[in-house]
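Once you have looked at the hints, place chain F on chain X.
2 protein chains.
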Amino acid sequence: MSLVVVGSVAYDTVETPFGKHADLLGGSGTYFSLSASSFVAPSLVAVVGEDFRADDRELLERHGVDLAGLRSVAGKTFRWGGRYRDDMNGRDTLFTELNVFETFAPELTPEQRRASCVFLGNIQPSLQAHVLEQVESPHFVAADTMNLWIEGAREGLLGVLAHVDALFLNDEEAQQLTGKRSMVLAARAIQELGPSLVVIKRGEHGAMVFNDGDIFYVPAFPLEKVVDPTGAGDTFAGGFVGYLARTADFSPMNVRRAAVVGSLMASFCVEGYSVERLKRVDPETIAERYTSFLELTRFPPLEL
Amino acid sequence: MSLVVVGSVAYDTVETPFGKHADLLGGSGTYFSLSASSFVAPSLVAVVGEDFRADDRELLERHGVDLAGLRSVAGKTFRWGGRYRDDMNGRDTLFTELNVFETFAPELTPEQRRASCVFLGNIQPSLQAHVLEQVESPHFVAADTMNLWIEGAREGLLGVLAHVDALFLNDEEAQQLTGKRSMVLAARAIQELGPSLVVIKRGEHGAMVFNDGDIFYVPAFPLEKVVDPTGAGDTFAGGFVGYLARTADFSPMNVRRAAVVGSLMASFCVEGYSVERLKRVDPETIAERYTSFLELTRFPPLEL
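Protein chains in written order, with my numbering: chain X, 1 to 304; chain F, 1 to 304.
It is worth saying that the hints were derived from the structure and are not from the lab.
Any given hint might turn out to be false.
Copies of the same chain are indistinguishable here, so a pair counts whether it falls within one copy or spans any two.
Within a straight-line C-alpha distance of at most 30 Å, the following computed DSSO-like cross-link-like pairs (lysine-lysine) qualify [as the list claims (entries may be wrong)]: (1) Lys20 with Lys76; (2) Lys225 with Lys20; (3) Lys76 with Lys279; (4) Lys180 with Lys225; (5) Lys76 with Lys180; (6) Lys225 with Lys76; (7) Lys279 with Lys180; (8) Lys180 with Lys20; (9) Lys225 with Lys279.
If you're wondering where the values come from, they're calculated on a predicted model, not measured in any experiment.
Isolated chain X, as found in the complex:
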C-alpha cells in the first residue's frame, strides 16, 4: 500500500553524557520515512531551507524515500537542540528554531492525494487537518501528537482524532489528553475520540498497544548502550506503519507483528547518533532482531 508521511525535516543539536553533536539530520518526517523505507517506499511531505545538504537528500533517495513532496524554500532548515539527562530518559529542549517550518503549509501532489496509508507526524493539528482534507480516501490514517498541542490546540486535535485510525503518544501525553492515570482507561478514552488503535510509547520500557479490545505489550530491546534516543518514537511509528503498509494486513496478530517491528527499528535508532545506525539496517538484521524479540518474551504455559 502507498504511504505518505507529513512531518519535519530538521537539523538537530544533541547533547548526551557522551558528547555534543551539532546539525545532525533529524526531524519526525526523516526518522519515520527512513524507518518505513525498510518495508515500503514512503512519500515525504516536508519543507527544508537552502542549507539542506545534498548528502542528506541523497541518503533519503537512496533508501527509496520519494521526495517529490519535499519543498525547498528560501531560508534555513528547522533546527532543534536538546540535552539528555544522565539516565538518558529525560531531556530538556535547549532551543527550537522553526525557520522555514514557520510558514509550512503541506501541499500534497496528485499521487500523494491517492495514498492508502497516511502518517501525520507531530505537527500542529491545523496542519494535520489540512493534510487530511487533501487525501481522497485513505485506508489507514495514523497520527502522532505532543503536550504542546494537547494543551494549546485541544479542539483542533480532537477534530483530527475523529478521522484517525491510530494514535501514537507517550504515557504522559495520554494522561494529559484524557485525565486518566491508568493507561488501560486512558487508551479506552482515546478510542472513544476516534482511533481504534492506540499506541502508548514508553521509551526504554517499550510500548502498549490497544487495538480495539486487544491489548499487547512489546518491550524495548535491552541494549548495552543507548547512544542517542532522538527520533526513537518516530522510528518506532515508521516501522509500525511501514510494516502494515507493506503487508496490507490489519488483523490483530499482524498489528502485533507491526508493533514488534516498530520497537526493533527504534532499538537500531538509539544505537547511534541521528540516523547513523538506522541507515545501515538491512532485512537480515531486522529478521535477526525480530527473532531476538521472540526469544526475549516467550514463556511456556503454567505447570502447577
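Below, chain F alone, put in the same frame as chain X:
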C-alpha cells in the same frame, strides 16, 4: 522444596491520592510469605511486638505460613508510613519506627536450618549474613536489597552477594550498585559479584530477568486501577521464589514461568490496600491471569 523467608512484619500507614489508611498489615516478610503461600508452605523468620493483632497471625496461619520462627517480644511492632505521589510511581517515606525490629537478630529453628530455599528480605546485610551462617546447605538462596545498604553497608552486602544465587532489586539500585546505566551491563556486573540470576524490578513496567546468559522480559499486568503499590516487590519475589520451590525446577524456561508468576502475584497485590486482594487469590485466578499474560505478550514470527 522447603522455603524460609527472613524479613519484616510491619504495620504500615499508606497515603495515596485515594485516601489514607493506618496500621495496615505489611512488611517484606508478610508480603513475601503470603504470596509464596499460594505455592508452598513458607516458614517466616521475623519479630513482632505485643500489639501484633491475633487476626493478622491467624491470616498468615490460615494461608499455611509456618510461624514457628515469628518471635513476639515486648514493645511495638515495626511501623512504616509513606505517601504515594499522584502518578502512584514515586513515594516518600514519612516515618520509620523500627521498634522491636531494632534489636532483631534472626534465629532459625532446627527445621529452618535445613531449608532448601531461602529468601533474605530487605534487611541489613549483617543480618542477612547471620541467617546464611545458620542455614546448613541451601539449594537456592535469593535476596533483596535497597539503596540504604548499597550506600551504607556496601562491604557487608558484597559479602552476602557472594553466597547468593538470585538478587532482586530495582533499576536505580542496580545502577547504584554497579555504576552502570544499561541494565544489561549492570546485570552482568552483578552476576560477577555472585548471583547468576539477577531480577531487575521496574514497577509498572514489569521486570527484566538475567539468568546466566538468558534474558527475559516480563511486563506488569495492565490494570484499570492501582490502589496501593506497597509490597508489590516482595509479593513479586514471593511468587517467583515460591513457584521455584514448588516446582523444584530451575531450568531457564521454568525460571521464566516463575517470573510471570511473580508479576501476576504483584498485579493482585496492588489491586488492594495491604494484603486485602492478595489474601483472596486462589489457584484458578492465578491460572487465569497467567493465561492473560500469555495473551498479552504473544506474537507470531515475522512475515515479510
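Hint check results:
For a Cα distance limit of 30 Å, the shortest separation of Lys20 from Lys76 inside one copy, 21 Å, qualifies, whereas the shortest one across copies, 56 Å, does not. Taking the shortest alpha-carbon separations for Lys225 and Lys20, only the intra-copy value of 17 Å comes in at or below 30 Å, while the best inter-copy value is 42 Å. In this homomeric assembly, Lys76 and Lys279 come within 30 Å of each other (Cα to Cα) only inside a single copy, at 24 Å, whereas the closest approach across copies is 64 Å. Within a single copy, Lys180 and Lys225 get their C-alpha atoms only as close as 33 Å, which misses the 30 Å cut-off; across copies the closest is 10 Å, which meets it.
In this homomeric assembly, Lys76 and Lys180 never come within 30 Å of each other (Cα to Cα): the closest approach is 40 Å inside a single copy and 40 Å across copies. In the homo-oligomer, the alpha carbons of Lys225 and Lys76 never lie at most 30 Å apart, since the shortest distance is 33 Å inside one protomer and 48 Å across protomers. Taking the shortest alpha-carbon separations for Lys279 and Lys180, only the inter-copy value of 28 Å comes in at or below 30 Å, while the best intra-copy value is 38 Å. When the C-alpha separation of Lys180 and Lys20 is checked against a cutoff of 30 Å, the pair qualifies only between copies, where the shortest distance is 21 Å, while the shortest distance within a copy is 37 Å.
Taking the closest pair of Cα atoms, Lys225 and Lys279 come within 30 Å of each other only inside a single copy of the chain (18 Å); across copies the shortest separation is 42 Å, beyond that limit.
Comparing the model with each numbered hint stated earlier shows that hints 5, 6 do not hold.
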